[in-house]
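Chain A is fixed; fit chain B onto it per the hints.
If you read the protein sequences in the order shown, they are chains A and B. Note that this note's numbering has the first sequence beginning at 108, numbered continuously upward. Note that this note's numbering has the second sequence beginning at 664, numbered continuously upward.
Worth double-checking, as some hints may not be accurate.
Said to hold, decoys possible - These stretches of chain A come out as covered by chain B in the derived footprint (C-beta under 8 Å, 3 or more residues):
#1 176-188
#2 207-219
Claimed, not checked - One side of the interface only, derived from the structure: several residues of chain A facing chain B at Cβ under 8 Å:
#3 139
#4 141
#5 197
Bear in mind the hints are in silico, worked out from the structure with no lab data behind them. Note that the Cβ used here is the ideal one computed from N, Cα and C, for glycine as well.
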Amino acid sequence: AQSVTQLDSQVPVFEEAPVELRCNYSSSVSVYLFWYVQYPNQGLQLLLKYLSGSTLVKGINGFEAEFNKSQTSFHLRKPSVHISDTAEYFCAVSATSGTYKYIFGTGTRLKVLA
Amino acid sequence: EPEVTQTPSHQVTQMGQEVILRCVPISNHLYFYWYRQILGQKVEFLVSFYNNEISEKSEIFDDQFSVERPDGSNFTLKIRSTKLEDSAMYFCASRPGSGGQPQHFGDGTRLSIL
Numbered sequence: 108a109q110s111v112t113q114l115d116s117q118v119p120v121f122e123e124a125p126v127e128l129r130c131n132y133s134s135s136v137s138v139y140l141f142w143y144v145q146y147p148n149q150g151l152q153l154l155l156k157y158l159s160g161s162t163l164v165k166g167i168n169g170f171e172a173e174f175n176k177s178q179t180s181f182h183l184r185k186p187s188v189h190i191s192d193t194a195e196y197f198c199a200v201s202a203t204s205g206t207y208k209y210i211f212g213t214g215t216r217l218k219v220l221a
Numbered sequence: 664e665p666e667v668t669q670t671p672s673h674q675v676t677q678m679g680q681e682v683i684l685r686c687v688p689i690s691n692h693l694y695f696y697w698y699r700q701i702l703g704q705k706v707e708f709l710v711s712f713y714n715n716e717i718s719e720k721s722e723i724f725d726d727q728f729s730v731e732r733p734d735g736s737n738f739t740l741k742i743r744s745t746k747l748e749d750s751a752m753y754f755c756a757s758r759p760g761s762g763g764q765p766q767h768f769g770d771g772t773r774l775s776i777l
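Chain A on its own, in the form it takes in the complex:
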């Protein structure tokens, strides 16, 4: 079984400042890792994914994440945020076999302040 912990429920940050949203996971099997963004009244949009290989992955909208196997973490970062980045961010894992269902974290609400 897998579980995902997003340590911060809300993160306020000023525009053009950097941000890191934290995600830790636990699993007894190999996993794939994902970050999704949810804007108000919309579905979940894929930001980036880690499947294998390079531990630093780049996604859309200037986001990147680093997979750290020893710390079982997959933190999301952006060097300079915009007002339009205000949204809910979800970290998810799936096993690398079977049904590939997602286990989500509780989400982090990023609020970018002017």
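Frame of chain A; chain B shown alone:
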């Protein structure tokens, strides 16, 4: 870019009634999922569907729930004898095949039980 389409966007139903939530996955996708998100809580896995049958279901997915892919394009979630606690956002997702290919989500159906 192809999208997962969900209808209706909002469904209001009296307690005890049956509801059917509809989804049109991306056409060449093989794996289908339903998730729900109760207001203020995390996104939870309900059921996965592959090769015309349920491949996995969560504890939430009891006899009250059923899924169908009646015509090769639609993917429906039926909830019988709805309860107040069924009020949530329901997301449909699909993915193309095995491996680390990410799931694509619809915009969700907000179900309100009165």
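Hint by hint, here is what the structure shows:
Given as covered by chain B, the segment 176-188 of chain A fails the check, having 0 residues with a CB less than 8 Å from a CB of that chain where 3 are the minimum. Counting residues of the segment 207-219 of chain A whose CB lies closer than 8 Å to any CB of chain B gives 8, which reaches the minimum of 3, so the coverage claim holds. A cut of 8 Å between beta carbons decides the hint on residue 139(A): the least distance to chain B is about 5 Å, and the hint holds. For residue 141(A), the suggested interface contact is upheld, since its CB lies about 6 Å from the closest CB of chain B, less than 8 Å.
At a threshold of 8 Å, the smallest CB-CB gap from residue 197(A) to chain B is about 6 Å, leaving the interface hint in force.
Violated hint: 1 only; the structure is consistent with all others.
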